[in-house]
Amino acid sequence: MNMKKLCQRLSVAFVLLTIINASSAYAFKVSFDKHTLASTALAADAPSLPYKTPAELRSETKNRQKLARKKARMKRFLNSRIGKWLVKRAIKKQERRQKRQAKRYERKKQRWLAKGKDVTKLKKHKRRGNVKTGLLLVIIGALFFFALGKLSPFDIIGIVLASLGLLLILLYLLT
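With mature numbering (1 follows the signal peptide of the UniProt record, and there is no 0) applied, the sequence shown covers -27 to -1, 1 to 148.
To be clear, the hints were calculated from the coordinates, so they are not data collected in a lab.
Idealized CB from N, CA, C, for every residue including glycine.
Be aware that a few hints might be false.
[Stated by the list, open to error] Within a straight-line C-alpha distance of at most 27 Å, the following computed DSSO-like cross-link-like pairs (lysine-lysine) qualify: (1) 61 <-> 44; (2) 61 <-> 43; (3) 94 <-> -23; (4) 48 <-> 61; (5) 82 <-> 94; (6) 81 <-> 61; (7) 90 <-> 76; (8) 90 <-> 105; (9) 25 <-> 39; (10) 39 <-> 57.
[To be verified] Distance ranges between label pairs, derived from CB positions: (11) -19 <-> 106: 11 to 21 Å; (12) -20 <-> 41: 42 to 52 Å; (13) -23 <-> 58: 48 to 58 Å.
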């Protein structure tokens, strides 16, 4: 069985497993007390305060000022001699890199033409997904979801990791 079929079967199996077990993950978690059997809502379900405290406002203004200072420092640096030199150097490096890639492409194109191959297939789209990383994320997500499923944050983390893994696998298969 090749890798593509294996990935497809694993992704289908995992989707089915998550659909079967989704009721515990997507529904609001309710914990039952041993003595009273009364359901208590989690604190995370409570709505946030509609207004901000003075401490939060102070921290926001401090963060804004810090960001403004950082931007001003960056602007000053980029307008300095060293900053301008670094930018020019980076641009030159990028141009050289592009020239090297163009030369490599031309050499490869000449070899393909000499062999009589179809040159239109030379520039293939780079695959955007990654099977190994996707499978690893699916496995870690399944472990979080099934092994630590009694705690709601771990359920959510497991679902997020598994969905990222499935996304990487699907991107690999589709591109």
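Here's how the hints hold up against the structure:
Under the criterion of a C-alpha separation no larger than 27 Å, the hint pairing residue 61 with residue 44 is consistent with the structure, at around 20 Å. With a C-alpha separation of about 22 Å, the suggested pairing of residue 61 with residue 43 holds against the 27 Å cut-off. For the hint linking residue 94 to residue -23, the alpha-carbon distance of about 24 Å falls within 27 Å, and the restraint holds. At most 27 Å may separate the alpha-carbon atoms for a hinted pair to count; residue 48 and residue 61 meet this at roughly 16 Å.
Restraint check for residue 82 and residue 94: satisfied, since their Cα atoms lie roughly 10 Å apart, inside the 27 Å limit. For the proposed pair residue 81 and residue 61, the alpha carbon gap of about 30 Å is over 27 Å, so the pair is violated. For the hint linking residue 90 to residue 76, the alpha-carbon distance of about 19 Å falls within 27 Å, and the restraint holds. Taken as a hint, the residue 90 and residue 105 pair is broken in the structure, with Cα atoms around 31 Å apart against an allowance of 27 Å.
Distance check on the hinted pair: residue 25 and residue 39 sit about 20 Å apart at the alpha-carbon level, within 27 Å; holds. Proximity of residue 39 to residue 57 is assessed by CA-CA distance (about 24 Å); at most 27 Å being required, the pair is judged to hold. Checked against the given bound of 11 to 21 Å, the beta carbons of residue -19 and residue 106, roughly 18 Å apart, stay inside it. About 50 Å separates the C-beta atoms of residue -20 and residue 41, a value consistent with the hinted range of 42 to 52 Å.
At about 54 Å, the beta-carbon gap between residue -23 and residue 58 stays in the expected band of 48 to 58 Å.
The earlier numbered hints that this structure contradicts are 6 and 8.
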